[in-house]
Amino acid sequence: MFELIAPIFQRLADETGWNFIIFYDRYEYDRFVTGISISLQLILWSILLSLVIGVLGAWVQTARSALLRGIVDGYIQLFRNTPPLIQLLFFYFGLGAFTPQVDMGGYYEPMISSFTWAVLSLGIFGGAFNVEIFRSGIEAVPKATAEAAESLCFSSWQTYAYVTLPLAFRISLPALTNNLVSLAKTTSLAYVISVPEMTYTLNQVWSDNINVPEMMVVLFLFYVVVVSLIAAGLHVLEKRLALPGYGR
Amino acid sequence: MKAPVKAFRIDVEAVSSFLPSRALRGWHGILLLALLLTSLAIATAHAQSGGGTGPQSPLATLIEWIPFILRGFLLNLGMSFLAMAIATVLGIGLGLLQLSRTRFLSVPAWLVTHLFRNSPWLVILFVVMLLVPFELQLPGGGTFVMSDWLKATFAFSLPVMANLSEIVRGAIVSIPKGQWESAESLAFTHGQTLRWIILPQCVKRAIPPWMNWYALLAMATPMASILGVREAVGNAQAAMEAAGARPELLVPFYLFLLLLFFAYIYPISIWTRMIERKYAVES
Numbered sequence: 001m002f003e004l005i006a007p008i009f010q011r012l013a014d015e016t017g018w019n020f021i022i023f024y025d026r027y028e029y030d031r032f033v034t035g036i037s038i039s040l041q042l043i044l045w046s047i048l049l050s051l052v053i054g055v056l057g058a059w060v061q062t063a064r065s066a067l068l069r070g071i072v073d074g075y076i077q078l079f080r081n082t083p084p085l086i087q088l089l090f091f092y093f094g095l096g097a098f099t100p101q102v103d104m105g106g107y108y109e110p111m112i113s114s115f116t117w118a119v120l121s122l123g124i125f126g127g128a129f130n131v132e133i134f135r136s137g138i139e140a141v142p143k144a145t146a147e148a149a150e151s152l153c154f155s156s157w158q159t160y161a162y163v164t165l166p167l168a169f170r171i172s173l174p175a176l177t178n179n180l181v182s183l184a185k186t187t188s189l190a191y192v193i194s195v196p197e198m199t200y201t202l203n204q205v206w207s208d209n210i211n212v213p214e215m216m217v218v219l220f221l222f223y224v225v226v227v228s229l230i231a232a233g234l235h236v237l238e239k240r241l242a243l244p245g246y247g248r
Numbered sequence: 249m250k251a252p253v254k255a256f257r258i259d260v261e262a263v264s265s266f267l268p269s270r271a272l273r274g275w276h277g278i279l280l281l282a283l284l285l286t287s288l289a290i291a292t293a294h295a296q297s298g299g300g301t302g303p304q305s306p307l308a309t310l311i312e313w314i315p316f317i318l319r320g321f322l323l324n325l326g327m328s329f330l331a332m333a334i335a336t337v338l339g340i341g342l343g344l345l346q347l348s349r350t351r352f353l354s355v356p357a358w359l360v361t362h363l364f365r366n367s368p369w370l371v372i373l374f375v376v377m378l379l380v381p382f383e384l385q386l387p388g389g390g391t392f393v394m395s396d397w398l399k400a401t402f403a404f405s406l407p408v409m410a411n412l413s414e415i416v417r418g419a420i421v422s423i424p425k426g427q428w429e430s431a432e433s434l435a436f437t438h439g440q441t442l443r444w445i446i447l448p449q450c451v452k453r454a455i456p457p458w459m460n461w462y463a464l465l466a467m468a469t470p471m472a473s474i475l476g477v478r479e480a481v482g483n484a485q486a487a488m489e490a491a492g493a494r495p496e497l498l499v500p501f502y503l504f505l506l507l508l509f510f511a512y513i514y515p516i517s518i519w520t521r522m523i524e525r526k527y528a529v530e531s
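Protein sequences, first through last, are from chains L and Z.
Heads up: the first sequence at position 138 corresponds to 138 in the working numbering, and the numbers run straight through without jumps.
Heads up: the second sequence at position 186 corresponds to 434 in the working numbering, and the numbers run straight through without jumps.
Don't read these hints as lab results, they were simulated from the structure.
Be aware that a few hints might be false.
Unchecked claim - Beta-carbon label-pair distances, calculated as ranges:
| # | chain 1 | residue 1 | chain 2 | residue 2 | range |
| --- | --- | --- | --- | --- | --- |
| 1 | Z | Ser-433 | L | Val-224 | 42 to 48 Å |
| 2 | L | Val-33 | Z | Ile-311 | 47 to 53 Å |
| 3 | L | Tyr-162 | Z | Leu-325 | 45 to 51 Å |
| 4 | L | Tyr-107 | Z | Leu-398 | 48 to 54 Å |
| 5 | Z | Val-380 | L | Val-33 | 26 to 32 Å |
| 6 | Z | Leu-378 | L | Asn-178 | 25 to 31 Å |
No residue lacks a Cβ here, since even glycine has one placed at the ideal position from N, Cα and C.
The task is simple: from the sequences and hints, build the whole structure.
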């Protein structure tokens, strides 16, 4: 791949001055590929964490205990109404200062890396929105289906997992798509705690090589492609899961 | 049964019933305050157990620097107001362009909208901060200095503009076709129909999402600190640095920032939800 494109971009740089160094310099190319992989991992894990939190949180919100519901409600309001940037800084610098350090033979490394903190923080942030999205989906499921499941001796968790959630998931998919796309874009904030994802990597590249406009174009394209892929994937899922008689 | 709402008339009683203070649940604030105080207590204990020769407790340090952080927060508010104003004007224009009947106008408008909707705020911030010139040469010969916070404000207005453009488009599309046809039968031109019949009806549908985007915008302004704008987060970091960069300061300072933004955004989001619910019942 690299050998294939390197001469083209080398010539482009020589002839027009458009310095896409990440495509013809081995070192910068490797940096770029690592950036892509870390960015995608960050997006994947924070989306997964946010989905788990969303499902569990929405289940707790159907609980009878007012205390549990209050705690989840407090969590949602706290994380929805504060800037994700400050949440990241708080998690990484504030809580990170208290986590134990591991002896790596001569130097110490925090047990929870900045990448893990970014996944935790962004997952918790996105999860707060997902809880609300799933909750409104669950509320939209007709009561009679849950009652029918109860009459068939399903336990409350079984009713939730096998009857309510599959229906609620379909209802909340459009809103979920929006939130997951927005979460994928928010992962660029991991820049502030120096997770070497795409924004951070390209920032280093343009600082080293003074080719800001070119790298900006690459950065834009990267996010447009990633976001389009996520949105397209979820649309396909929406079509696949469509039940006759539900939705449009 | 409610009295029917009169068009183009502001119902004072209805507006006053939106006031956010009524729905603010006190325990949310109490919970946060408790969290802040606990963390301060822990931090204080931490500082005292670690020798106790520290110049000041974290609480005293925080109190000393609160005015400085609040001054930064004022810049956050100013940036959010200005960016929202720019975004509203540009967003309405772009939304109308998207619906233009000439493809020459609607396609570029669609492209701009989707480019800015689908890229991260941070990336847009970098683009504007690094690619917009520091000084603008005015045609009269003078120079206009684009200060950092002004550029950041402009950068924040772009994604909001794109999203408002979609909201405006959606609101206009959601107006029944009969409205257009009856206006046409009354000899209204296209522009007149838009100005006097369609847009007034859109305002009501667009206000809750508009407020939602304001809240998101206000929450995005701390990003400007990454590029050296001295707003609340930047000032808090500078304050921690000035107070000796002690690790036990981190939790109380960042928690204070979270609390600050929460205290501002939470009432707005409650207010938004109330308006949303009220309009949902009526329609």
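We went through each hint and held it up to the structure:
Hint check: Z/Ser-433 to L/Val-224, Cβ distance near 44 Å, so the stated range 42 to 48 Å holds. At about 49 Å, the CB distance of L/Val-33 to Z/Ile-311 agrees with the hint of 47 to 53 Å. Checking the proposed 45 to 51 Å range against L/Tyr-162 and Z/Leu-325 shows it holds: the Cβ atoms sit about 49 Å from each other. The hinted range of 48 to 54 Å is not satisfied by L/Tyr-107 and Z/Leu-398, whose Cβ atoms lie roughly 43 Å apart.
Range check, Z/Val-380 to L/Val-33: about 30 Å between beta-carbon atoms, so the 26 to 32 Å window is met. At roughly 29 Å, the beta carbons of Z/Leu-378 and L/Asn-178 sit within the given window of 25 to 31 Å.
Going down the numbered hints, you'll see the structure goes against just number 4.
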